[in-house]
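Participant: Sequence:
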Amino acid sequence: MNIVVRVNKLKIYVSGIDKITKKASNILTEKFDIEYVYLDSQDDIHNALKNCDVFWFRLNHKLTRDILKDVNCKYILCAVTGLDHIDIEACNDFGIAVVSLKNESEFLKEVRATAEHTFGLMLALIRRTKLSFNHVESGLWNRNLFQGTELYKKKIGILGLGRLGAIVAKYADAFGMEVYFYDIKPKQTNSNFIFCNSAEELCSKVDILSIHLPYNKSTHFMINKKLLDNVSKPIYLVNTSRGGLVNEEDLLEKLASNKIAGYATDVVFGEPDIANNVLVNYASKNENVIITPHIGGYTFESIEKTELFIAKKLVDLINE
64 MNIVVRVNKL
74 KIYVSGIDKI
84 TKKASNILTE
94 KFDIEYVYLD
104 SQDDIHNALK
114 NCDVFWFRLN
124 HKLTRDILKD
134 VNCKYILCAV
144 TGLDHIDIEA
154 CNDFGIAVVS
164 LKNESEFLKE
174 VRATAEHTFG
184 LMLALIRRTK
194 LSFNHVESGL
204 WNRNLFQGTE
214 LYKKKIGILG
224 LGRLGAIVAK
234 YADAFGMEVY
244 FYDIKPKQTN
254 SNFIFCNSAE
264 ELCSKVDILS
274 IHLPYNKSTH
284 FMINKKLLDN
294 VSKPIYLVNT
304 SRGGLVNEED
314 LLEKLASNKI
324 AGYATDVVFG
334 EPDIANNVLV
344 NYASKNENVI
354 ITPHIGGYTF
364 ESIEKTELFI
374 AKKLVDLINE
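Counting from 64, one number per residue, gives the positions in the sequence shown under the working numbering.
Among the hints, a few may not be true.
[Unchecked claim] Below, in silico cross-link-like pairs of lysine-lysine (DSS-like), each with a Cα-Cα straight-line distance of 25 Å or less:
| no. | residue 1 | residue 2 |
| --- | --- | --- |
| 1 | LYS322 | LYS376 |
| 2 | LYS72 | LYS376 |
| 3 | LYS72 | LYS82 |
| 4 | LYS125 | LYS233 |
| 5 | LYS82 | LYS113 |
| 6 | LYS248 | LYS233 |
| 7 | LYS94 | LYS113 |
| 8 | LYS137 | LYS85 |
| 9 | LYS250 | LYS233 |
| 10 | LYS217 | LYS280 |
| 11 | LYS113 | LYS72 |
| 12 | LYS193 | LYS248 |
| 13 | LYS248 | LYS268 |
| 14 | LYS172 | LYS193 |
| 15 | LYS217 | LYS250 |
| 16 | LYS132 | LYS165 |
| 17 | LYS376 | LYS165 |
| 18 | LYS132 | LYS72 |
| 19 | LYS268 | LYS233 |
| 20 | LYS86 | LYS193 |
| 21 | LYS172 | LYS132 |
| 22 | LYS85 | LYS165 |
| 23 | LYS322 | LYS216 |
| 24 | LYS85 | LYS217 |
None of these hints come from the bench; they were simulated from the model.
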């Protein structure tokens, strides 16, 4: 007589992702039941966490202490480096492991989508691409309205020379730009790159400032009136890090006074709830602010790489 032993699989709830990539899914299906859920409220999220072992999401939810309290979920998966949307202290208190890309520096050397998007935003801003698109789509054709600016020989300031900042610096060098940078921990880098002693000094020297900082209590609203008062001429800002780094009210004041020539960002404060965001409202009426909906890392290649990495990381944790 053959005895069949049934092993109950752990349950993964996946939210905000239409489908996990095939390679990641193939790794997980042996040990996990995967169920896709659509959660509209904080109560929905809390109830989901009560009924699963693993919760996988992207950037579509904020996991607060109240949501994480008294749940059965033991693993939270999020294939990103910035975790300001998850209460990590609460996870530690409640015994929930967070599986992410944070501090995975070796793996992340091959994930470059956000650095590429930084230049997409930068070029769109200085070449007035947003307005020229709208112009042609309206049935018009007048190039004289859209004279732009080149990157070549411009001075770019890299605020934060971590993984992405370093890649952006290399790309800027390839464009023939003069690269200036500031990082709280001075690093060895290309001898042609110029180190500034402070963020204030950096702002005073460059034509374009590209923001590549982690978001935490010490960097909250770091880009503010006090810092931007150091700008000696109208400069462009680019942000593909986190919206909370920028005091958007202060930024709007500098845009109005032409201290800041333009702002291109992939992130805004309080996203994904943008109904009352002052910057989004301004961008709908003005051409010198360009906003994309946090798509920097959202490419087919990056999603496949990162989801596979997260899936393997989870399996390794379960097998320990």
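Participant: If a hint holds in the structure, say so; if it does not, say that too.
Facilitator: Hints and how they fare:
{"no.": "1", "hint": "LYS322 x LYS376", "verdict": "46 Å, violated"}
{"no.": "2", "hint": "LYS72 x LYS376", "verdict": "17 Å, holds"}
{"no.": "3", "hint": "LYS72 x LYS82", "verdict": "19 Å, holds"}
{"no.": "4", "hint": "LYS125 x LYS233", "verdict": "34 Å, violated"}
{"no.": "5", "hint": "LYS82 x LYS113", "verdict": "22 Å, holds"}
{"no.": "6", "hint": "LYS248 x LYS233", "verdict": "18 Å, holds"}
{"no.": "7", "hint": "LYS94 x LYS113", "verdict": "20 Å, holds"}
{"no.": "8", "hint": "LYS137 x LYS85", "verdict": "24 Å, holds"}
{"no.": "9", "hint": "LYS250 x LYS233", "verdict": "14 Å, holds"}
{"no.": "10", "hint": "LYS217 x LYS280", "verdict": "32 Å, violated"}
{"no.": "11", "hint": "LYS113 x LYS72", "verdict": "16 Å, holds"}
{"no.": "12", "hint": "LYS193 x LYS248", "verdict": "36 Å, violated"}
{"no.": "13", "hint": "LYS248 x LYS268", "verdict": "20 Å, holds"}
{"no.": "14", "hint": "LYS172 x LYS193", "verdict": "31 Å, violated"}
{"no.": "15", "hint": "LYS217 x LYS250", "verdict": "23 Å, holds"}
{"no.": "16", "hint": "LYS132 x LYS165", "verdict": "23 Å, holds"}
{"no.": "17", "hint": "LYS376 x LYS165", "verdict": "12 Å, holds"}
{"no.": "18", "hint": "LYS132 x LYS72", "verdict": "24 Å, holds"}
{"no.": "19", "hint": "LYS268 x LYS233", "verdict": "19 Å, holds"}
{"no.": "20", "hint": "LYS86 x LYS193", "verdict": "36 Å, violated"}
{"no.": "21", "hint": "LYS172 x LYS132", "verdict": "35 Å, violated"}
{"no.": "22", "hint": "LYS85 x LYS165", "verdict": "23 Å, holds"}
{"no.": "23", "hint": "LYS322 x LYS216", "verdict": "21 Å, holds"}
{"no.": "24", "hint": "LYS85 x LYS217", "verdict": "43 Å, violated"}
Consistency with the previously given hints fails for numbers 1, 4, 10, 12, 14, 20, 21 and 24, ordered from lowest to highest.
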